[in-house]
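Trainee: Place chain B with the ligands on chain A using the hints.
There are 2 protein chains.
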Amino acid sequence: MSKEITSRSEDYSKWYNDLVIKGELADYSAVRGCMVIKPYGFALWENMRDVLDNMFKQTGHVNAYFPLFVPKSLFEAEEKNAEGFAKECAVVTHYRLKADPEHKGKLIVDPEAKLEEELVVRPTSEAIIWSTYKTWIQSYRDLPLLINQWANVVRWEMRTRLFLRTAEFLWQEGHTAHATREEAVEEAVKMLHVYGDFVEQYMAVPVIRGVKSESERFAGAVDTYCIEALMQDGKALQAGTSHFLGQNFAKAFDVKFSDKQNKLDYVWATSWGVSTRLIGGLVMAHSDDEGLILPPKIAPIQLVIVPICKGEEQKAKIDAVIVPLMDRLKAKGVRVKYDDSDNQRPGWKFAEYEKKGVPLRMAIGLRDLENGQAELARRDTREKSTYSLEGFDDKVVELLADIQVSIFNKAKAFQQENITKVDTWEDFVRLLDEKPGFLSAHWDGTADTEEKIKELTKATIRCIPLDNPQEEGKCILTGKPSTQRVLFARAY
Amino acid sequence: MSKEITSRSEDYSKWYNDLVIKGELADYSAVRGCMVIKPYGFALWENMRDVLDNMFKQTGHVNAYFPLFVPKSLFEAEEKNAEGFAKECAVVTHYRLKADPEHKGKLIVDPEAKLEEELVVRPTSEAIIWSTYKTWIQSYRDLPLLINQWANVVRWEMRTRLFLRTAEFLWQEGHTAHATREEAVEEAVKMLHVYGDFVEQYMAVPVIRGVKSESERFAGAVDTYCIEALMQDGKALQAGTSHFLGQNFAKAFDVKFSDKQNKLDYVWATSWGVSTRLIGGLVMAHSDDEGLILPPKIAPIQLVIVPICKGEEQKAKIDAVIVPLMDRLKAKGVRVKYDDSDNQRPGWKFAEYEKKGVPLRMAIGLRDLENGQAELARRDTREKSTYSLEGFDDKVVELLADIQVSIFNKAKAFQQENITKVDTWEDFVRLLDEKPGFLSAHWDGTADTEEKIKELTKATIRCIPLDNPQEEGKCILTGKPSTQRVLFARAY
Ligand SMILES: [Zn+2]
Ligand SMILES: [Zn+2]
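As given, the protein sequences belong to chains A and B, one line each in that order. 122 is the number that our numbering gives to position 122 of the first sequence; each next residue is one higher, with no gaps. 288 is the number that our numbering gives to position 288 of the second sequence; each next residue is one higher, with no gaps.
No lab work stands behind these hints, which were simulated from the structure alone. Careful, some of the hints might be misleading.
It does not matter which identical chain is used: a pair holds within one copy or between any two.
[Claimed, not checked] Below, simulated EDC-like cross-link-like pairs (lysine to aspartate or glutamate); rule was C-alpha separation at most 20 Å, straight line: (1) LYS134 to GLU116; (2) LYS104 to GLU83; (3) LYS87 to GLU117; (4) LYS57 to GLU46; (5) LYS87 to ASP100.
Chain A on its own, in the form it takes in the complex:
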């Protein structure tokens, strides 16, 4: 069965695509660079979204919705932001189609319906939101403004990969406004930790929390904080970013507030986002050659039950046990599916749910029933054990918790094994091929050196970890003095 999925060793990139498509997370679409998120993949995203949304609300944020389109003149206002995104903007220029006079049944763009000002499909919403905040913020009483939006955004990409890089993707973007620099920095760091906690505790993917070097910063930010995850091929994946925007957008859109002393000042800002890209990282962090491995806390189905029987009489006996068990499981919050469809054999179903990464599988036949027991198979270790039907629901809950911890620990051990201190350029270059992962190396702090290293090796500075130990050293490339190691890696 699992022959359908290309193995990691054979072709890692094809393995990834097989998992996404055959695991039914997503599919290609008729639109270049855009994907369809299939029901199973969307259920996963819904679970992730619900947890994150709750975390945002617990930290005082509310949701709102801003327009999809950004008039070009607003888009231009914050120059660095505009410059950073200009090359990947989908642009609406017309607002009407009309019948093609030369081809019956076909349509053409109506040249008379040209917009006076072009509209950019939002690649990110700072511009449209800050043009609105201008009318919402007058006084310190209006601050802080802590707003989040769940939305689709478009960034034109030439080379796309399902979830990892698509022209349109789904995300959330927080946009906050504050009276002081300190409060805005605190917010940016707080949301970085919300992301870190979410990705580690729910997605079971360990991350490094850090800050970006200048050249990797978000266009328009003063500082970009990020969480970086490590994939099984040793490449890094930026899993979320939180930006301290200083007063850049407030100045671009003239957003001032009067403080308690009635003094006017520009507002301080943050923005922060995670996207459906996280799903790509999730897939590559845990899965194996048999298919997906999903962490129980966000898996759409946590337990699948497969009956092994022939005919209605046998089936009825199994139903008599399974139906009340399902009730007990649901009462304990377990997302359970009873796959009693009769158009596929149990062996086919086993492979199917392995491919889809369902954490636990229960198989039960007549013999089991007589013995008052059933088999549980873990997706992560593929271990099978037989358990008494008495207290079976508790066993399921216990195993789901254990799987969540186990897959995190496995990924954490992998991450730790693949952070390597490097002190010579030769080792740096060699290790990037031989033992990829994070290379912890000294850097002279200049954008020039960073650029040079990228050109030579395709490795970039993923981040300067928060609370990074300070130590004297020499830059891996230039030998110039350095005060700390930073993390390099090749990245998605």
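Mentor: Relative to the frame of chain A, chain B with the ligands by itself:
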């Protein structure tokens, strides 16, 4: 305070805008025809969405996500659908901006980044979805396919109104595929009833369930079912539609399935949607000259508590009662807000929450505390009563339930009073101005007559009610024979 809001009698249209903006549901944006949904309005939408989403899942549907863009060639495929939406399409023609060589810091559309094929921003997703279903459906085993999508859509509008008619709006669109005509019709009717139940039971707005005449049908549908609500000015509002699409999209996109006998046939389809437009209907159905009136089941805040006191000592005494009361209320599922901010006086707060339509307001001062009681004011009737603090939480729950029923009953009585049987053209024309509402009148069944009536009176056929009694009569305009009355109204 309520002077801020224009009265209905003075200017109904301005009253509506005042409610939406001063009730903090939405705001105008910098983008022509697009609105910003503010946090309070979005919380209302979230509550509506969560209930609907659950109803969809209970009826076997799953969520997925399809691309924002529709390539023009796909958009054209179903001719009637394309023709119906062509005039209101936002069209993406380019995928890049570049620096304007003549104006430093400005951007222009890069003429070298012109798309080979233009992309339509989805006005509805049948085309993109059915082009995908083609690859998902081969056999009867793949059917029914019951998928819903929550998304933003764009329909260019020249004259816009907050919530009621905006270029971009949020909605859900169900798109289902079936093996038989009967099953598809059944699905379309089932979802109409889901909408009807939702709007009546949660939004407390009574609706008429019916089917559209041919000229009011969705472009590409065989039948359009709809729910029609009545606003306080006697105009109708289409609150939701469910379409039986026949095999039109299956034929346009060549989607066939093999049945159990291995015979190939085109798939049968439905689509159905409700949008943020519902919020506009909600506002106009219940509100008064003091502000919004929101039904408790979907109100973002169900109860607001306003302390009446001076200084920290008094406040501490009130807190000592309110904090545990809030816990008891929350345990009962009540969405409660304690507005103990000290920068506004109680009277200001009272007006503020009336404007925002919060169903219940609790006011409590020191005297109340001594007497072991507090005041509750209902937003719908503006009645105030004093209740013992003992069992106060139960009283709140009871009153919220009563308010939900009361505002529905009030709207239902209004609807019933404003469905008028009319048998002469003179009465028809006169009543449309004197006593607007639904006019139940005979119609000869032709599109010509319908069009003529619309030209003469601006009234359209809102629907032919489901299970409409059959009776012989004469068309209100032409006097030709008719077999049933239909409902006419002027509409939003
Ligand atoms: Zn980083
Ligand atoms: Zn109708």
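Trainee: Indicate, hint by hint, whether the structure satisfies it.
Mentor: Verification of the hints:
In the homo-oligomer, the alpha carbons of LYS134 and GLU116 never lie at most 20 Å apart, since the shortest distance is 24 Å inside one protomer and 39 Å across protomers. Proximity of LYS104 to GLU83 under the C-alpha cut-off of 20 Å is restricted to the inter-copy arrangement: shortest distance 12 Å between copies versus 42 Å within a copy. When the C-alpha separation of LYS87 and GLU117 is checked against a cutoff of 20 Å, the pair qualifies both within a copy, at 18 Å, and between copies, at 19 Å. When the C-alpha separation of LYS57 and GLU46 is checked against a cutoff of 20 Å, the pair qualifies both within a copy, at 16 Å, and between copies, at 13 Å.
Taking identical chains as interchangeable, the C-alpha atoms of LYS87 and ASP100 lie at most 20 Å apart only when they sit on different chains, with a minimum of 13 Å there against 31 Å within one chain.
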